[in-house]
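In order, the protein sequence lines correspond to chains A and B.
All you need for this note's numbering is the position in the first sequence, starting with 1, plus 96.
All you need for this note's numbering is the position in the second sequence, starting with 1, plus 1.
Any given hint could turn out to be false.
If you anchor each label on the Cβ, the simulated ranges turn out as follows [to be verified]: (1) A:G145 with B:R72: 26 to 32 Å; (2) B:K116 with A:L103: 52 to 58 Å; (3) A:G169 with B:D69: 53 to 59 Å; (4) B:E39 with A:V150: 57 to 63 Å; (5) B:G62 with A:L103: 25 to 31 Å; (6) B:R66 with A:S225: 37 to 43 Å; (7) A:L103 with B:V37: 35 to 41 Å; (8) A:P108 with B:R60: 22 to 28 Å.
Pulled a few chain A residues facing chain B out of the computed Cβ check, cut under 10 Å [said to hold, decoys possible]: (9) P108; (10) P122; (11) T216.
Here are a few chain A residues that sit away from chain B, every Cβ distance over 12 Å (derived from the structure) [as the list claims (entries may be wrong)]: (12) K137; (13) E152; (14) E181; (15) R227.
Quick caveat, the hints were computed from the structure, so don't treat them as lab data.
Predicted model, so just to flag it, every value in this text is computed and none were measured.
We put the CB at the ideal spot given by N, CA and C, even for glycine.
So you can see what is in the structure, the chains are spelled out below.
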Amino acid sequence: MKTAGSLTITTPSDREIAMTREFEAPRRLVFEAWTTPDLLKRWLGVFGGWSLAVCEVDLRPGGRFRYVWRKAGGTEMTMRGVYREVAPPERIVTTETFDDPWYEGEAVGTVVFTDRNGRTTLTQTVSYSSREVRDGVLATPMETGVAASYDKLAEVLASLGR
Amino acid sequence: MVIAGDRHRLDATFAALADPTRRAILARLASGEASVAELAEPFAMSQPAVSKHLKVLERAGLVSRGRDAQRRPRRLEAKPLADATRWLEPYRRFWEGSFQQLDIVLDELQARERKSSTRRKRRSR
Numbered sequence: 097m098k099t100a101g102s103l104t105i106t107t108p109s110d111r112e113i114a115m116t117r118e119f120e121a122p123r124r125l126v127f128e129a130w131t132t133p134d135l136l137k138r139w140l141g142v143f144g145g146w147s148l149a150v151c152e153v154d155l156r157p158g159g160r161f162r163y164v165w166r167k168a169g170g171t172e173m174t175m176r177g178v179y180r181e182v183a184p185p186e187r188i189v190t191t192e193t194f195d196d197p198w199y200e201g202e203a204v205g206t207v208v209f210t211d212r213n214g215r216t217t218l219t220q221t222v223s224y225s226s227r228e229v230r231d232g233v234l235a236t237p238m239e240t241g242v243a244a245s246y247d248k249l250a251e252v253l254a255s256l257g258r
Numbered sequence: 002m003v004i005a006g007d008r009h010r011l012d013a014t015f016a017a018l019a020d021p022t023r024r025a026i027l028a029r030l031a032s033g034e035a036s037v038a039e040l041a042e043p044f045a046m047s048q049p050a051v052s053k054h055l056k057v058l059e060r061a062g063l064v065s066r067g068r069d070a071q072r073r074p075r076r077l078e079a080k081p082l083a084d085a086t087r088w089l090e091p092y093r094r095f096w097e098g099s100f101q102q103l104d105i106v107l108d109e110l111q112a113r114e115r116k117s118s119t120r121r122k123r124r125s126r
């Protein structure tokens with residue numbers, strides 16, 4: 097097993113969440129894994145008893161996508177949206193919305209795949225319609241409840257400074 | 002899930018943290034309690050200006066007053082900061098969990114590519 101890259105999450109503004117992660121694979125493959133239903137079903141939100149039961153991808157500008165996650169016991173979560181920009185293997189821009197009452201309006205997500213000598217740095221920035229919506233997303237129902245760790249504090253403080 | 006009361010408290014915490022001087026004050030208090038005069042010193046700021054920031058931090062529950070009646074030292078309250086940190090945890094867990102799976106998928110895709118390119122080479126011989 098390779099060492100997992102460390103995930104950095106920041107809140108660059110009141111309405112945004114940004115994250116960065118490095119992968120030990122060329123960006124062509126990371127892009128493929130990010131946009132191919134059979135591959136997405138193997139990783140996106142697939143842990144802790146959740147499965148990506150429905151994964152529909154129409155990868156072209158104006159095309160739609162829909163993800164439905166299911167947990168044993170019947171809990172479901174649906175996310176859907178429209179591709180605005182599709183530029184393999186560099187960049188994807190989508191709108192996204194969750195089928196949940198707390199979620200109003202839609203967000204715009206930009207994923208950038210940057211090549212670094214055969215490795216890939218992935219950066220995702222999601223911009224929500226309001227702070228309340230963003231906060232609702234952060235409190236995703238996938239929460240299982242883990243105690244806070246103080247070493248994350250520095251990150252939160254640093255992100256607020258930007 | 003973050004419930005309404007929690008979110009209200011988080012708003013106060015994040016509003017208090019939105020100012021760089023207040024973050025610097027918290028960073029200073031993280032290394033031990035300090036009086037208003039001691040806090041004012043490194044910031045080249047008047048004591049009333051520092052007191053104003055301290056009031057915001059106190060209202061957010063991030064800072065409390067120590068026992069010494071003369072110095073009235075301020076001290077850091079860790080819990081609201083811990084709550085603010087916890088707020089990002091579900092999101093982090095979702096993506097960390099996902100990306101650990103993605104690492105495995107990418108390993109397999111690369112192994113498959115290596116295998117098929119070896120086969121191609123063999124065939125072309």
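Verification of the supplied hints:
1. A:G145 with B:R72: 26 to 32 Å: Check failed, 54 Å falls outside 26 to 32 Å.
2. B:K116 with A:L103: 52 to 58 Å: Taking Cβ atoms as reference, B:K116 and A:L103 lie about 30 Å apart, which means the hint is violated.
3. A:G169 with B:D69: 53 to 59 Å: Given about 55 Å between the Cβ atoms, the range holds.
4. B:E39 with A:V150: 57 to 63 Å: holds (59 Å)
5. B:G62 with A:L103: 25 to 31 Å: The hinted range 25 to 31 Å holds for B:G62 and A:L103, with Cβ atoms some 29 Å apart.
6. B:R66 with A:S225: 37 to 43 Å: Given about 40 Å between the Cβ atoms, the range holds.
7. A:L103 with B:V37: 35 to 41 Å: holds (40 Å)
8. A:P108 with B:R60: 22 to 28 Å: holds (26 Å)
9. P108: The hint is violated - A:P108 has no Cβ within 10 Å of chain B, the shortest such distance being about 13 Å.
10. P122: holds (8 Å)
11. T216: holds (9 Å)
12. K137: violated (10 Å)
13. E152: holds (18 Å)
14. E181: At roughly 22 Å from the nearest Cβ of chain B, A:E181 sits farther out than 12 Å, so the non-interface label holds.
15. R227: violated (9 Å)
Figure legend: structure checked against the earlier numbered hints; hints not met, in rising order: 1, 2, 9, 12 and 15.
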